[in-house]
Amino acid sequence: MPVRLASARHDVPDDPEAVFEYALARGWSDGLPLIPPTPERVERMLAATSRGPAEIVARLDPRQGEATVERVAINAVMAGCAPAYLPVVLAAVDAVADPAFNLHGIQTTTNPVGPLLIVNGPIRQRIGLNSGRNALGPGCRANATIGRALRLCLLNIGGGVPGDIDKAILGMPGKYTFCLGENEEESPWEPLHVERGLRPDESAVTAVGAQGTNNLLIISGGAEDALVLTADAMATMGNNNVIVGHGNPVVFFSPGHAREFVEQGFPTKRAVREFLFERSRIPVERFPVREINPARPVRPRAGADGTVAPINAPDDLLIVVAGGPEPYHITYCPSFGETAAVTRRVAG
Amino acid sequence: MKRGIPAVLLVTERFRELAEAIRRSRGMPEAPEVVLPRTEETEYGDKDVMGAIAERALQQVLAIVAPGAGRRAAP
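Chains as they are written, first to last, in our numbering: chain A, 1 to 348; chain B, 1 to 75.
A few chain A positions that, by computed beta-carbon distances, are all more than 10 Å from chain B:
# : residue
1 : Ala8
2 : Pro13
3 : Arg133
4 : Ala271
5 : Ala304
6 : Asn312
A short list of chain A residues far from chain B (calculated; beta carbon distances all over 10 Å):
#  : residue
7  : Leu24
8  : Ala25
9  : Glu40
10 : Ala47
11 : Gly139
12 : Met172
13 : Glu202
14 : Asn214
15 : Val228
16 : Ala235
17 : Met237
18 : Gly245
19 : His246
20 : Ile282
21 : Ala340
Pair by pair, the computed Cβ-Cβ distance ranges are:
#  : chain 1 : residue 1 : chain 2 : residue 2 : range
22 : B       : Ser25     : A       : Ser220    : 51 to 57 Å
23 : A       : Gly221    : B       : Ile53     : 49 to 55 Å
24 : B       : Ile53     : A       : Gly222    : 50 to 56 Å
Since the hints were made in silico from the structure, they are not lab data.
Every residue gets a Cβ at the ideal spot worked out from N, C-alpha and C, and that includes glycine.
Whole structure, please, built from the sequences with the hints as guidance.
What follows is the structure, given as structure tokens:
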């Protein structure tokens, strides 16, 4: 039986440039060309889920736009998603709408924050999601278009229009797309979704309000040296999560580094977290005399030892194994602060 | 407002378009607002500056919800 679509129809010349110009003029694009969401393409996309097109997945701030399955599917088509990606996009939309994620703040702030999506479980292999070399770089359709589909949903359904509503001072490239898988197969540790309560055979997406990537070159020394340098990156006074004292920053370790840590006394993610929590503390006297944000002063948060931690507790730090195998680079993503990571199971 | 509780939206200058979008999406396009200066002054400014902004905003709010009930100078 054909799917009944509710969305408005637009007659546009059958020409890629005309479609692109038409979408740009209406503010439907992130600035890149779009795949025209013809009824046939949207129907093919919807066939990848058992959910009805009219079902409301979430309401997206700040517009409180109804993200129906159909509207999400349209944006997924425009982003270039294959139909098999739709369950991941639906779970991501649901995740960012959780009040704990603070989508309203993330969509409207002057901060460069954007949703970072970390995918776990068997769906990664089924859709060819990259969790290895260059997982946060170009080249993989699933990574590129799932993140972009969420961005288009935030723009077209949530109303996060750059300039008028999205007040980012500079923004960052991850606001176009920011999606990867955890390299579970090469990780010696428990995967992120299992740490967050799901079974290993389930698939999940975790959304993080992340500010971008900070790379650390670490090609010599042992595990402890690598973690000392990681802690130094975390101890950046101006990061939102330091100033606000909340949020879930993320550290990405390559499989090579993760194995090295296990061999050299850090058998679990927990052991790594505890080390980083202690070593990333910042002496309060290093902060400017005048509070960076007088409304949320850092100084009163200093512990008895006179230091301020970038997170409230070791468990607030997310650790993900991803990337190529060499123990050369570690990536740290600070958090927007006023946001918590949210995990949703991917259906099917 | 819809529940009969007087309300005035306080919004800093930079976020006026956002406030307008939210009012529209909540079905209250005519809801009254008081526009505050930019965040640099309202959140990060000196106490005296913020106090003066707050006093001005209070008078504007009172003028909207209770015309004629603004604070009077001491005799």
